[in-house]
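Number of protein chains: 2
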Amino acid sequence: MISVQVKSVFFRFFGMMAELRPSGFPEYSPAEQLVFDQIVGIIQAQYQQFGYTHIHTPAVEKNDVLLAKNGEETGKQIFGLYGMAQGAEDLKEYGLHFDLTVPFARYTLDWEHQLTFPFKRYQIQPVWRGERAQKGRFREFFQCDIDAIWKGEKEYFYYDAEIIAVLGKTLTEVLAAVNIQDSVCFHINNKKIIRAFLQEIAGDKAQDLGNLIDKYAKIGQEKFLASLQEDFGFDTEKQQKILKFIQLSSNKIEDLDQLLFFSQNEDFLAGIAELRSVLNLIQDFQKSLGLVFHWVFDMQIIRGLDYYTGTIFEAVFENEPQLGSICGGGRYQNLTGYIDPKRNEYCGVGGSIGISRILSRVFSVQETRKQTVADYLILQFEGEMADSLVLGARFFAEGKCFEVYPYAEKLGKQFAYADKKGIPFVVIYGEGEREKGIYKLKNMQSGEEQEVPLH
Amino acid sequence: MISVQVKSVFFRFFGMMAELRPSGFPEYSPAEQLVFDQIVGIIQAQYQQFGYTHIHTPAVEKNDVLLAKNGEETGKQIFGLYGMAQGAEDLKEYGLHFDLTVPFARYTLDWEHQLTFPFKRYQIQPVWRGERAQKGRFREFFQCDIDAIWKGEKEYFYYDAEIIAVLGKTLTEVLAAVNIQDSVCFHINNKKIIRAFLQEIAGDKAQDLGNLIDKYAKIGQEKFLASLQEDFGFDTEKQQKILKFIQLSSNKIEDLDQLLFFSQNEDFLAGIAELRSVLNLIQDFQKSLGLVFHWVFDMQIIRGLDYYTGTIFEAVFENEPQLGSICGGGRYQNLTGYIDPKRNEYCGVGGSIGISRILSRVFSVQETRKQTVADYLILQFEGEMADSLVLGARFFAEGKCFEVYPYAEKLGKQFAYADKKGIPFVVIYGEGEREKGIYKLKNMQSGEEQEVPLH
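Protein chains in written order, with this note's numbering: chain Z, 1 to 455; chain F, 1 to 455.
Treat the hints with caution; some may be incorrect.
Put simply, identical chains are the same to the list, so a pair is met inside one copy or across any two.
[Unchecked claim] In silico SDA-like cross-links for lysine to any residue, where the CA-CA straight-line distance does not exceed 20 Å:
id, residue 1, residue 2
1, Lys76, Phe25
2, Lys400, Gly41
3, Lys92, Gly75
4, Lys154, Glu382
5, Lys238, Gly220
6, Lys76, Lys92
7, Lys287, Gly399
8, Lys62, Glu140
9, Lys154, Glu266
10, Lys287, Glu384
Source of the hints: derived by calculation from the structure; they are not laboratory data.
Keep in mind it's a predicted model, so treat the numbers as computed, not measured.
Could you build the full structure based on these sequences and the hints that come with them?
This is the structure:
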């Protein structure tokens, strides 16, 4: 039998020209959707177990909210809306959200009198980017965000650790559920360390140097050093200092001491202290709850220079880091001030799992999959619909998922239906079985038949 | 303590002018969202138990797909998209889906080689209408669709009954879960009966008469008869015949015989036979599975004249029918032909639950609600973070949802947090408890404290 995976590739290729779906908007076959739902179910359950509560925001926000921060840059990504109808002129002020952070900030302001702080929320929704569709860059994709926010700048390093612990636990559970033999590694850093180091070494060019370090893994050491010389005019000593700095990475907290050789700047030292506190708490979490994900502190983790203010992190598959980050986040001092400068009191820490990279890994290794959640197909015999239902009632009462074949079609066709859908058991209750007071349960994989007494 | 409900109304009123959310796009407080999720969870579980599989389609479809049927009429409802970015010119050919049937039809064509027919799918997503926002008319709302489709026109009345049985079971479960003391009544009809009757009695004006009957409940008998006379020129005898016909409604299958006095038209009789088969099967379902929802056949059920071809149905709350239909659907002979006239072989039967009307009923009676799924809050004492986590591990291992307060704040503040969020139990593990080798479990509702030994 041709595997679902191969079929999928075949028909996707063949069907490509005729596809009616808009470009850049992925969707899944029923079998793939089951895996997607399984993963989302795990993410939800894990987020909830740690007391994070679900919020859901509309797909649409006002453009002045969406564009409040980095308007020009962000505007390039936004899907604007217009009403084909007359009389809906306000629509042109609306657009689809491009992330879940801006809607979360807007939600916080709209509902602040009903929220209890610290407020722990998760949000799993698609986001949209109105850009040209490219390979691997989608116009619609799901984000699974988790954040804890509070009023005023408080330390609450507990949450930095909790967010990473929850995400680590969640990703570990996901990998186990979909049979990926790999583990997740969090690369953790602190923005204060990075910002102070960049500032001290590059002054006005701090941001440019940050961007270059961000590209280090992609361009490699040689090009990196060349750029430090040519674009920044750094001498060999400075080049080596930067190189050594960004190569600092370890899973031992005491190795943080090596950072002390690079700067004595106050913010730099404060960043190290914060990072130490957070890593210690993560260890507490791991020990207490038996969490097995890995972490290193890593000076190459930079992330959006203008948003995060403390802890920053990214997670990758340990055996397949080249797939890129599957999770990231950090701590921020100002969630809502961009939308309304008078209301800049909300700070927090959060992260997000990008489910499509995980799915692409799953679909590259899994071969055949069930197309339905049903575990039983009750065959249909001429004139015995009511009997089938009485039998179905047994499975129903036990909370099992079942299907009844809708028509007394040839048995071969009914078996083929169960086979194609990957339904594991077929229930046979024809005239012979009724006379014997039994029904037969056929295991579709092994072919074994079992007689089950009716009473 | 002011109830959440009253707060909600208060702050909604007060916050109205300042609201940042776009008009016509509802969203929920965390407490309301929990109820929403509970209901969606029940709907999913029920749909799945009967073997319906989940599909999810993008928010966006091509305009020529969206407008394939009733383009002019539909176009008035659609949110069109444009890219604020340059270089994404194809975006203007795209719009947001306004229902889940058109995307389902498109999905069927795009994936037909991977689907197994009969194909049983459910789909729970928001839909968007680009119209002027009005009271009770939203621009974004959720639909919970369920359909079984197959190739070619087959009878498969099993599915007409199964869809109604699943929807009836689902709504019954939903009402029980949210403590609404009411039941659901399905009003069932057959399009062949209606179409033949209207045609025979009104000829060219069949559609107009159908529209008038659709309004009967709203306008009342007097206006209805006046319109029959003035707009259709029907004599008293014809008026009385129509009136008697649309007043036919019963929960006894044998009462279908009364229809035989109204016409001997072949299609009319075929419709009665179909309706009889379906009602018999629904009774089989109810008996076998112990389903308690109610139904009547009802000649006032008309539904979209141009789409449904056999069974049609609508469900209302039995004690609050004026809230309008909370569920509806029917059988159709042509799912996909509108999109591609050469591919008109898919027929089926389906229905949809409108969750916002159910929620409006729930929120009008429920007063206070939990803001989180967490059942336990572990208090935080100075310097004992690791201890709190070790304690958390116990709840964690049992799969319970818990929160740890992030900071050793005053105990009053920590209790207030649990109280506001509606967390039922607080876990106290301070110095005194540690010395005694216990922790205390405080019931936040009764105030009772229980000592639990650590070992």
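Any hints this thing doesn't respect? Which numbers, in order?
-> none
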